[in-house]
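Turn these sequences into a full structure, and let the hints guide you.
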Amino acid sequence: MFEQYFNPPSQTNLDLREKLENSSISRKIKIYGVDEFELNSPGIAILTLNNELESEKFRNRFYSLHCGDWNSSIIDLGRFKNGHSDSDSNFAIKEIVQKLSSLGILIICIGGNSSLLKLFSYSLNDSHNFLNLVSIDKILGINSENDSDKNNYLSDLILSEKLKLNFFCNLGYLRHLNSTEKIDLVKKIKFDLLSLGDLRSEIKEAEPILRNSNIVNFSLEALQSNVINYKLTSSNGFSAYEACNLSRYIGISSSMKIVGYTNVKSTIECNSVLSEMVWYTIDGYNNRYNEDFSNESDFNYYHTEIDGHNLKFYKNKISDRWWVEYISDDSIVKIEKDIIACSENDYKLSQNSIISERIIKRLKNKIT
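In terms of this note's numbering, the sequence shown is residues 28 to 395.
Just so you know, not all the hints are guaranteed correct.
Using 27 angstroms as the maximum straight-line C-alpha spacing, the simulated BS3-like pairs for lysine-lysine come out as follows [what the hints assert, rightly or not]:
no., residue 1, residue 2
1, K108, K292
2, K108, K55
3, K57, K108
Source of the hints: derived by calculation from the structure; they are not laboratory data. Nothing here was measured: the structure is a model prediction, and the numbers come from that model.
Dropping the structure here:
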């Protein structure tokens, strides 16, 4: 079905592939329309939405990187062919996402803008009981009706009666680029907001949020302007190191279905750091570990009671990841437990009789 939707990588990319070492990513991946393979099992699929020249720049950098100790299949679908209209293109992208997701394939999409989060969400809406979304961006996607769709995607997601939205979090927003009204509105809806300052001191606090997420928009404009060599964005932002850490958290999340790396700039610097971010996403995917909560020997347990609320913390002995369960009378008869991802810091706060904002908000979404 994909022949009609994709062009293969440029001849420049294919020629480079032949010159690179056997340990390079270009020799590990299978290229759709060039190599023979079956697209019928879990793995990773990469596709680009930008034009031929921009796609070529990314692949030149990405193909040249060396593989990690990876066992997963990696497929390069090529460059997406735009339809005759936006609606044609959106229909095609929706069909691609649904097909790949049904096969258990993690989709890495390069290009487009932050409003793709909306399209990705509707693409997976029918196949999920609820959706958990994350946007890593300096700007919150809420604006007046007269503003561009790029900066108004969250408004549409919130107001939609069709979308089964359970949870949304924006990571890395800058307070001086967003009005207090906008920030207060998102908080009032009880969605999560973590500013750049919140994460700068402890980037690990983003991991539990990404662990339970299904779709992520990662805007390259969330990075420092000097990192991507783009002066029209703020000099404040994530460093390349932090961006790669976040990308690895995205890949390691077993709940993740699609990540869109959006607002890509044409500079060498931007494509260099982007290629590394994709590398770490793949590395995370190849180090996934699914916790089995029924296997009690895998966990250490810690019980806490705060103001009549009983919390049971789980620490996995293998992955070192933390989870928390809200214990109530109803949970005794429930088949599925109310267990949410958390961090060690959430547990430490509970030892001081404090329930973290993360746990309060996520439990409200799970229980109400």
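Hint check:
Taken as a hint, the K108 and K292 pair is honoured in the structure, with Cα atoms around 20 angstroms apart against an allowance of 27 angstroms. A threshold of 27 angstroms between alpha carbons decides the hint, and for K108 with K55 the separation of about 25 angstroms falls inside it, so the pair holds. For a cut-off of 27 angstroms, the pair hint linking K57 to K108 stands: about 19 angstroms separates their Cα positions.
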